[in-house]
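Could you slot chain B onto chain A? The hints should help.
Going down the list, the protein sequences come from chains A and B. All residue numbers for the first sequence refer to our numbering, where the first residue is 1 and numbers rise by one. All residue numbers for the second sequence refer to our numbering, where the first residue is 1001 and numbers rise by one.
Treat the hints with care, since some could be wrong.
Footprint (simulated), chain A over chain B, 3 or more residues, beta carbon under 8 Å [as the list claims (entries may be wrong)]:
| hint | region |
| --- | --- |
| 1 | 1026-1034 |
| 2 | 1081-1094 |
| 3 | 1098-1112 |
Rather than coming from a laboratory, the hints here were simulated on the basis of the structure. Backbone N, C-alpha and C define an ideal beta-carbon position, used for all residues, glycine too.
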Amino acid sequence: MSDAAAAAELAARTSYGRLVAYLAARWRDVARAEDALGDALVAALETWPRTGVPDKPDAWLLTAAHRRLVDGARHAGVASAAETDLTLMLQEQIDDQRGARVSDHRLALLFVCAHPAIDETARTPLMLQTVLGLDAARIASAFLVAPATMSQRLVRVKAKIREAGIRFEVPERHEMAERLEAVLDAIYAAYGSGWEDVAGGDPRRRGLAEEAIWLGRLVTRLLPGEPEALGLLALMLHCEARRPARRDSRGAYVPLREQDVTRWSGRMIEEAEGVLATAAHFAAPGRFQLEAAIQSAHAQRARSGATDWEAIALLYEGLLRCAPTVGARVAAAAAMAEARGAETGLRALDMISPDAVAAYQPYWALRGQLLKKLKRIAPARDAYDRAIGLTEEAAVREFLMTRSSETR
Amino acid sequence: MQFTILVYETQTELAARTDPKRKDAYWGAYRAYTKALRDAGVMVGGAGLEPPRTATTVRVPDGKRRVQDGPFADTKEQLGGYYVIDVPDLDKALEWAARCPSASTGSAEVRPNMPPPPPGA
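This is chain A alone, in the form it adopts within the complex (with noise of 0.2 Å):
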């Protein structure tokens, strides 16, 4: 690749979401914004050859972009009151340039698409398409939809924030918990349901941890004082520690209880480790530290060679207190199965009601190992065939048929 395109490729992706955050900011318009910016870029990857790459490749983005934006509104016949606006803004952001730095709208950004007038559905879409430019298609494989119809819900979505005049700006104090929850957990959609997921790692959502983790970094930075922002982090980072555990050297897949230790990501832990000792400095605990804390209490394993599972069973009682999910309840089910035995875990998952379970993969995987530990032979290969046909991954799929046909 040659030094333009790289550059624009580099520019691209440090600071896509800086400057479509800054220009919707300013135009209420996060689509118009983001053609903008989408044009400006096509414009410096055809110029920057000939001309060298600028010294500050932002301004130059955000200039062209704001160009076209201009023209834009002038071709639309926006009445002249708002050509004042057009010029106080240009004014506004060669200021900006003089500064070279532009004015950081991310936060905003992130509270507009987690806005409680947009469907929950659309939120994560939105921030991974806003704020780090993903292209629908592959946001739509992350998250089985077909590409066509993510498309045209993105589409859908902008029009709505434009037209429903949602204000891009930092939510007030007293609101701000409700909000943040809102953005928090629109990035843990975006980083899956892996961890909680007994039976393992689901491999759509697999491309978009990354990701996640960079936007968990990002509203941590922006909103430092926010314990639950920390938690996330903290939590994802737990989970991504152990990813490389996850599959043996012949790709067949290791459950939690299995994995290797040696195999899972020191480094990360550490850092999640940091990151959860930050957040319990504000003494108030919530969702995304419990579930942290739990993440925390597996991965002592690495020093200790054992799980404390008593512990992760009380702190899953806490946590299904504030967030009493289905994958929450099936994670806590193991946890006590672990702690007090397969009949009380047993008994922990007959009391989830049979329609949230009817397609939910962990649930039946976790009820067929109790069954089998229990010796009742044919209700736990029913449960496991119900697992089995649940099951996207190959390599899950295979582990499971395994322990199906061991129960005898």
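Positioned in the frame of chain A, the structure of chain B alone reads:
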């Protein structure tokens, strides 16, 4: 809303049906998948198809019958069977298709079933 999941399998997968070493895993995976569809209450119907070499293709261009041994098209992945499911939307249909064993090795194509044509059409 009804969708059909078309199960496209590679030669290797089709061969697994009768390979003594692999047939248990092959049939086990499909049996479990079919059971999961049934137990979740989304299964409408479906069938596995005998391998492509058993196919006979008929064409009647200009009233002249032409019968040919083999499938309609000779491609890397061949139709090995299909499932008809009833789910609320395409998102849910894709979720089920992703769990189809052929999605790991070949592919699983999802198409909405057409509603019956209006009377008189």
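Evaluation of the provided hints:
no. : hint      : in the structure
1   : 1026-1034 : holds (count 6)
2   : 1081-1094 : holds (count 3)
3   : 1098-1112 : holds (count 6)
When held up to the earlier numbered hints, the structure conflicts with none and fits them all.
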